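Asks: Residue-level listing of the chains:
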Amino acid sequence: MDSNKKYWKGLEELEQTPAFVKNSKSEFAESLPIENVLTEAGLSTKTPRRDFLKALGFGLGAVSLAACQSTPVHKSIPYLIKPEEVTPGIANYYASSYNGQSILVKTREGRPILIEPNPKSIGINRGTDAGTQASVLDLYDMSKLKGPKAKGSDIDWETADAQIISALNAANSSGKQIRLVASSINSPSSLAVIAGFIAKYPTAKLVEVDAVSYAGIIKANQASFGKAAIPHYRFDKADVIVSVGADFLGTWLAGEEHTQQYADNRGYKSLENKKMSRHVQFETGLSMTGANADARVAVKPSEEGAVLISLYNAVTGASLAGGLSTNDKAQKVIGLAAKELVNARGRALVVTGSNDVAMQALTNAINAALGSYGSTIDLDNVSYQYKGNDTDFTAFLNDASAGQVDVAFFLNVNPVYDYFDTEKVKAALGKIKLKVSFADREDETAELVDLITPNHNYLESWGDSSVRDGYYTIVQPTINPVFNTRQAEQSLLIWSGNTVAYHDFVKDNWEKNILAGTAKTWKDVLQAGFEYKGDKPAQAYTFTGDVNAAATSIVNTNKALAKDVEVQLYQSVAIRDGKQGNNAYLHELPDPVSKVTWDNYVAIAPKFAESLGLGENSLVKVTGENGYTIELPVLLQPGQAQGTASIAVGYGRTKAGKAGNEVGKNAYPFAKLVNGTLQFSSTAKLEKVSGIYELAQTQTHHTIEGRNVIRETSFKDYLHDPAHGSGNHGEKHKTYDLWNKFESPGHKWVMAIDLNACTGCGACIVACNVENNVPVVGRDEVRRRREMHWLRIDRYYSFEHDGEQVTEEKELARLSKEDANLDNVSVVFQPMLCQHCDHAPCETVCPVLATVHSSEGLNHMAYNRCFGTRYCANNCPYKVRRFNWFNYWNDSRFDNYLNNEFTQLVLNPDVTSRSRGVMEKCSMCIQRIQAGKLKAKIEKRKLKDGDVNVACAAACSANAIIFGDLNDPNSEVSKALKNERVYYVLEEINVQPNIGYMTKVRNTFGA
Amino acid sequence: MRNISLLFRSVVKSLILVSVLSMAAVSAHAQDAKEGKTLFQQKCTSCHAIDKVVVGPALKDVSKRHEEEWLIKWIRNSQAMVAAGDEQAVALFEGHNNLVMTAFPDLSDDQIKNILTFIDESSQAPAGGGTEQGAPGAAAADSGNVSNFMLFGLLAVIVIAFVVIIVLNRVIKTLERIILNKNIVIEEEDEEEGEGKNYFETIKKLAKNKKLVFFFVLGLVAFLGSAGWKTLWNVGVHEGYKPVQPIKFSHQLHAGVNQIECQYCHSGAFKSKNASIPSANVCMNCHKYVTASEKYNGETSPEIQKIYNALDWDGQKYGPNQRPIQWVRIHNLPDFAYFNHSQHVVVAGVECQKCHGPIETMDEVYQYSPLTMKWCVNCHRETEVNHKDNAYYDQLIAAHEKLKEGDKITAASLGGLECGKCHY
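Chains as they are written, first to last, in full-length UniProt numbering: chain A, 1 to 1007; chain B, 1 to 424.
Among the hints, erroneous ones may be present.
What the hints assert, rightly or not - With a straight-line Cα cutoff of 35 Å, these simulated DSBU-like cross-link-like pairs (lysine-lysine) come out:
#, chain 1, residue 1, chain 2, residue 2
1, B, Lys306, B, Lys317
2, B, Lys317, A, Lys523
3, B, Lys288, A, Lys146
4, A, Lys82, B, Lys242
5, A, Lys944, B, Lys354
6, A, Lys978, A, Lys9
7, A, Lys940, B, Lys374
8, B, Lys374, A, Lys75
9, A, Lys106, B, Lys271
10, A, Lys520, B, Lys211
11, A, Lys75, B, Lys197
12, A, Lys82, B, Lys317
13, A, Lys75, B, Lys317
14, B, Lys374, A, Lys944
15, A, Lys106, A, Lys176
16, A, Lys205, A, Lys433
17, A, Lys75, B, Lys210
18, B, Lys288, A, Lys523
19, A, Lys940, A, Lys978
20, A, Lys75, B, Lys306
21, A, Lys82, B, Lys295
To be verified - Quick partial rundown of chain B residues pointing at chain A, CB under 8 Å, derived from the structure:
#, residue
22, Ala227
23, Lys271
24, Ser279
25, Val328
26, Asn332
27, Tyr338
28, His344
29, Val347
30, Gly349
31, Leu396
32, Ala399
These are computed hints drawn from the structure, not numbers from a lab. Predicted model only: the values in this text are computed from it and were never measured. By construction, the Cβ of each residue, glycine as well, lies at the ideal position given by its N, Cα and C atoms.
Construct the entire structure; sequences and hints are all you get.
Replies: The following block contains the structure:
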């Protein structure tokens, strides 16, 4: 039985706006000038014979002239002294790490071209996030500094060193402060270097500050359990998860690790064992995590604290004042959730996204009452990912403003941009005698300092990191420093009078400390990439904090928030805090929920927008409490809490570089400091301003004409009948084939996609971009529906009434607005890529046979054959074929991406860079298939499952994409495709796709 | 006709005579020395030169210093002689800092004699240039061979052209005579108007012959058409492309004479998609010692010097002023075609020469194959898959046997003609 639930991709489709209807019917996104030609005037135009001959003659002449171009001479320049490990044409992999994720860096002829997760890493990461995948592009950023600078002019390292050392000595001897301001440093070796630096200059101190702070959790744990740390959350051990405003799958703490843990309890393997966690989310804006929740309730930022108080009351039976008194739905869900939590004692987890100490303390109290400590929360193997301390930074600003600080260093921080009180930072900077930045570019802060001593990119660096107790990863360079930069740690060593090379320092530190007592050597670590000492047993903790004080504090904070429009600041999944603000891959990665690229916006619930007189694409002026104003476009977001607006931080960089400058507006100044921690909930006034601004969204670029492409069920139904909702019951259509059955005697490459595991994060999209040289097209081209992504993640909305799934029997077009409760929507993510149909409709319409089928079940695309009729794209029922309108890698109009020889070094040499006028689409990473086959042939062995993996599947932390050979009965994919949940999208049109999807399962209340 | 055949016969005779004579002269003079030279270059040059101390002593007039029999023994295994206590041998060994000379047990007496003959000949070369004179002399002789060949070719062309002219003249004469006999009036008129007019009139007359004009035009169209067709098809095909390289590296010397395995330098061909031009440090494995100075008055060969310059080699170590060698790429595949050497060389076991031609005879490398898609595809159609003892193919072969029993298993039948094989 098919589900007859109706899904819609966006409000345009739901409301069937005239523009949407028009676009959905037209063959091409842009109008073709057919009418002009077919009008009477057009048809009666006669080309005089002479004109025709002139044109013919000119054409012939031009063509012959163009053909006269001599063949270019290609130079072939071998190494003079070839490094032993390099064989031209063969990739080398180096184990390294990025933000504590253990990774493999693929290099070709000495240049890094791809980041992959380290498959051998233990316990922390299966995949990588989008930022990690995209980080390889940062290495080839043309906006980076080429050497040290002093006030805008180039200097050499000796001069810079002399100047800094004399300033340090002067400050030290006069007892003035020296401050090293850095974002969280979890590298043991860096910390050792800094300790040495402080030993040499005793007035020096390290001030750690994060743009998006987690200091509230650290302080709350100090107050609740006497342990100032961020615990290690274990979503894999939680059967019931309640999140209050924490986007834990995306941007909150370690999103990738959480995704892996979370998906392990919800993916197909877990479902086959009849096990699935339940996830309840209370939040303001519709986040990626909220979109994955089984039950999601929209609450205002001011209600989040009240939700916690009510939940605490419901769980413990206490009666704290200040519980939720409004929002009936939330109250009902809190009651249900509390019951579930209590029943799942020891397997329950409550997390809160807020940085407010009181709210975190109350969360701790709930978790302690639920017995989570020692099971789902591990306070003995704590996380070191975020150590920023807002109080320390405030103290630094005060000291600096008072003229107490003589020398300040800025490492991986950009407070002029990302601190809410920019003026205070600027004033403080003005009072410091010598300011030194380690920034790799002249960013907003570096612009105001005296000296910039640029740091290496992480791919050029030695180093290490330890994101949690007992887990250490190594950072090793994969390319020689491209520019005249120097690693920050090396600079600090030199300024401390230590002449040791940082590589030796790291090695020494590992051998003496981390590897002491093990049989492992430095070389072993370089090969493995990490050292895991195992977890200490997690203990249960008794809550010793003051719940009443916390509740009182929460009530007071909420009162302050309950005015004007409540604004929630959040990090977008792609851009996050804005550190990778010049990364074109990330700017073009659509937001998982809103599908907006290249901009931030004010997300408002449709009904609330209507009351403010705002519509889609209206411009609105946002005035914060401190008087800061920005103008941003409006995005109507179903599921957004009424009376609130959500704005992403990380945008509006002014000094990031060509790609990132002036993309969106800076929302950091709306943050504020409350009770010593940075708060990202605030209030603002919204005012409509004239003008419209079209956001570059990808969601409405394709229409599915109301066809049944998503299939879902509830966990309860699934338990009764695993095939429920998949459409795999009852009589199938009798199908007739026009074509012969397609045989794949050797391999048959197929894919299984688990809709229940996919969180929509988009890491696969960036991995695909990097692996397959998929171009970035920029905002304007996305607006023209010309984005090139081979793999997209479709996001479908459907309705939900008061926790119950409803079936809308009417067609979307006839859905009246009253039926449409846009506050309660549920979301399904569906990765959509070329389905490699065995009876592919695209193949039959190509006039030049540029796309044909292979004996391994792949739909091949020969770019050099294609001449761009675009018939195939029109005939593709999945709309996965993308057309190159320009030479994006060599066109001055696309200057923010590959239009220079340096950045072009990121291209994968095994994949053609497509020219304009050519159609392209997912090739199932055929270059990897061929390479895997060749390796097996050379080694004279059978191809094993796992020898070949596609880039998207490799990047996926949730194991939502499984790729392999269907003809191998033991492969993971052939087992996965036997699952009862498997269905094929649009199987009724009998194109015989090779990608199977598994139904979405929701573990809803009452189901 | 008799005249012509006579002339032809005499030409042929002289040709044969000249070639036989020159062959005889060359063979009589250099039979031993030539093989000796080759062997000398292969085996000896890493340590010896004719009149310069390299690692071992200069070999000029070595046969005057020692008996031939003694030399043969010494060359085959000098250490055995030293161990046996041969006086001369011990003296020589100790006189050269106890440097051990490599033993050559594989060399036959004749081969050693040939080497000695070569050394003798080189030693006898007139003073001043010393033995080096021998080398340029030989080079001149080599180029002489080439120019002789060309000379004979040219001669032959001239002779054939001459023959053609004579035959044509005779034909014209005969035709004239026929016209004269048949039409005296015209002849008379013609005689009045002169030769030129006559010729012009003939063409005019011929032009009035519609059949002739038709066939002429047809022929012309066919000729131009086929020429144009051929030209157009060969646009972008660079068969025979032989660019000037920055170093006059000779495959004929290295792969041909010295029999160095292809993969010694092009190791990538067995591992990677790129066969790769060897890095200069690979050259230096031999050319640290092999300087070919015997040919250049004791100076390093200017071509080998280019390697030293690129590496900034001072005889001891590489210097800081290194400049990469910019070879000109000969085999250019377009960006959209993926080619992998290891697939063809290791898996399929294709010989290098199959695509690169008689590389061991090429003094300068040229593109031997057209490198067109047609050429690739034809080979994929015909070549049987080398699946023996390769477990990878088991399943494919089994499936293939089921479908097309007994058919040849070519690359094409296993998907070798599919677009995605090379284009992605």
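Asks: Output the numbers, in ascending order, of every earlier hint that fails for this structure.
Replies: Hint check: 3, 10, 11, 15, 17, 22, 28 and 30 fail, others pass.
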